[in-house]
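Q: Given next are the chains, with one letter for each unit.
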Amino acid sequence: MSQHLEEEVPLSTTAERKIIVDQAGAAPSKEWVIVTRGVKREYDMGGEIVRALRGVDIAVRRNEYVAIMGPSGSGKSTLMNIIGCLDTPNEGEYWLNGQLVSTMKDDELARVRNKEIGFVFQTFNLLPRATALANVELPLVYAGISSNERRERAMEALEAVQLGERVHHRPNELSGGQRQRVAIARALVNRPSILLADEPTGNLDSKTSEEIMRVFEGLAETGQTVIMVTHEPDIAAHARRVVVLRDGTIESDERREVFTEKLGLTL
Amino acid sequence: MPFLEAVRLALQTIRVQKLKSFFTLAGVCIGVMFLITVVSIIEGMGRYMKEDLVGKIIAVNSFELRRRPNINMGEMDPSVWEEYRRRRRLYVSDLLPVVEALPEGTKWAQESEGGVQATSQYARPRSTTAIGIDGDWFGIKQLGMTDGRAFTEQEMAQGENVLILGPDMVDRAFPGLDPIGRELRIGGIPYRVIGVTESRGSVFGISFDNFVIAPWRSPIRRLLNPEPQMIDAVIVQAENQTVLIEAQERVRAVMRTRHKLRPGTGDDFSMETSASALEFWDKIEGYLVIAGVALPAIGLVVGAIVIMNIMLVAVAERTREIGIRKALGAKRRDILAQFIVESATLSTLGAILGIALGIALAQAIAALTPLPASVAPWSIVVGVLVGGGVGIISGVYPASRASLLDPITALRQE
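Chains F and A, in that order, are what the protein sequence lines are. Residues 1 to 267 in the numbering used here are what the first sequence spells out, letter by letter. Residues 1001 to 1414 in the numbering used here are what the second sequence spells out, letter by letter.
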């Protein structure tokens, strides 16, 4: 089945990516959702400078399903924060959906997060006192959408993750897998350019993890661009392309088949 | 985020944390409650002063020509008293020239007042106030009869020994009896009771109904003033304010001539109107309002500090929520608005609760004590505004702390 999918969904090649990344300063074509050029990020940890990213070049074409892998301390969380517009690089360019995000101020970043990015977190990050429906409506509230339309779209999003029956439940009344599906519905409700998942299965058992991975698979199939950050190789192996970070730089950026073969994983 | 959305969110948060919210708004609630209560009592006293106390003593559109003002409240300079004491008395001989000088459309009366002992054969001697009158006294005072009749012109002119009782004196001198036609002795002289007046009510729990009225020309006048020809006051009532002023000017001219006052010197008599008697109250009321507002204001400051404190705790507790909201696209001003609106909503709810309790407390005080209370509409408006204002002010700092949180750090918070 995976063989069949790769024929349908275009996967960018190393050569194509290099061309895009090398045109520093130029806006990439709309086809490229994410382009980072020489992204560096340093932190001042009590006088000690920590170089979390030391020049990262990544290009992601629309409809790609990419995993970002790496051990802890590799800089993958920092990269995710930058891709997710929660943080900006000290140096380098970051283009998201044709917009230069790396120089934006707080409020612009908030707008971009709202419109372009759907977050899925390891710890779900649902508002505990709000119902599933209210949680899913949240991005639409900040998008300034009327309450009727919000409700309608949130219902649709919850039905799409098979939670149409549990919309009035609070997070503590839902299982881990259901919570993560609420989070996915919330991430997608404002139709973002990318779905950005940070260790989406980190708090789930393996059966539920598989269930969530199938949801991602289905989304990728419908053309949703998905970026998934994980430290688990077998989870990363669900993506079609795997970027491996080490010590703040990209160690490898390969098709899934190459990645799995190297690790001796079977799918 | 639209304003209504923020209010809805705030109410939701408050509903979820009922007890905590209640304690949070208790300070504002109590502050506003006392504000409303105190202002209501001051307002009530003011109304009492104007409508009851002074209104009962001095009739509408009237003035009382006296040696010195009858109503002396507030602080008095001893030298003023000294000057009052040296003034010439009014005599019945002043009455005719004054009455002749009055313009069209006025009524007049004269009265003298004094404390006397009244003895009937049915009860022990009673202390009461005797009023000797002449002219249209009942008409000006708007005092009607509940029993018997008023004095005839002949009784007034002849100074017959007839008496009209205030309602309290009926029970005190004639317990369980019909007083009409019975005898009451004052200063050893018998008087025949011919009528009973309606009630003049009470002020601060003190009855205004303990009095007897006799024609001034009757022997009673010997008990009221040191000399039998002296009188206490000439009362003039005009049909409107313009005529009243005209009447005052004419009476002043007559009296100054009679007392041979040189131009440039002050009057040695007083012409008291209800407005002049209320001047002292207006002064006191100003101070009372300041005190009445300043003291609850301390409560409000404490309330504001409590709210600010609780909001700071709320921001710390909900750091993760703030992180989530920011990740989902909340701008700084969205977070700022959320917490300010929450704080303002809390505080306004406290104020509304305080207004309700304040009105209830004011009513209770009015019902259970002689203190009057009347809720001033402006104090309700002030209460709500103060409540909202306290909430906004105490919400600004916690809200700005919340809005400045870094989303990454906030999301990492457990």
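Where hints are given, some of them may not hold.
To be verified - Under 10 Å between C-beta atoms, here's a sample of chain F residues computed to sit facing chain A:
1) G84
2) P128
3) N148
As the list claims (entries may be wrong) - Calculated from the model, a selection of chain A residues having no Cβ within reach of chain F, i.e. all distances over 12 Å:
4) A1006
5) L1009
6) G1114
7) G1187
8) G1286
9) D1334
10) L1353
11) G1388
Please keep in mind that the hints were generated in silico from the structure rather than gathered at the bench. For each residue, glycine too, the CB sits at the ideal point set by N, CA and C.
Q: Against each hint, give a clear statement of whether it holds in the structure.
A: Here's how the hints hold up against the structure:
1. G84: holds, 7 Å
2. P128: holds, 8 Å
3. N148: This interface hint is violated because 13 Å lies over the 10 Å limit.
4. A1006: It is violated; A1006 (chain A) is separated from chain F by about 10 Å at its closest Cβ, not greater than 12 Å.
5. L1009: L1009 (chain A) not clear of chain F: closest Cβ-Cβ about 9 Å, inside 12 Å.
6. G1114: holds, 77 Å
7. G1187: holds, 84 Å
8. G1286: holds, 49 Å
9. D1334: violated, 6 Å
10. L1353: For L1353 (chain A), whose nearest Cβ neighbour in chain F is about 23 Å away, the distance exceeds 12 Å, so it holds.
11. G1388: At about 23 Å from chain F, G1388 (chain A) clears the 12 Å cut-off, so the statement holds.
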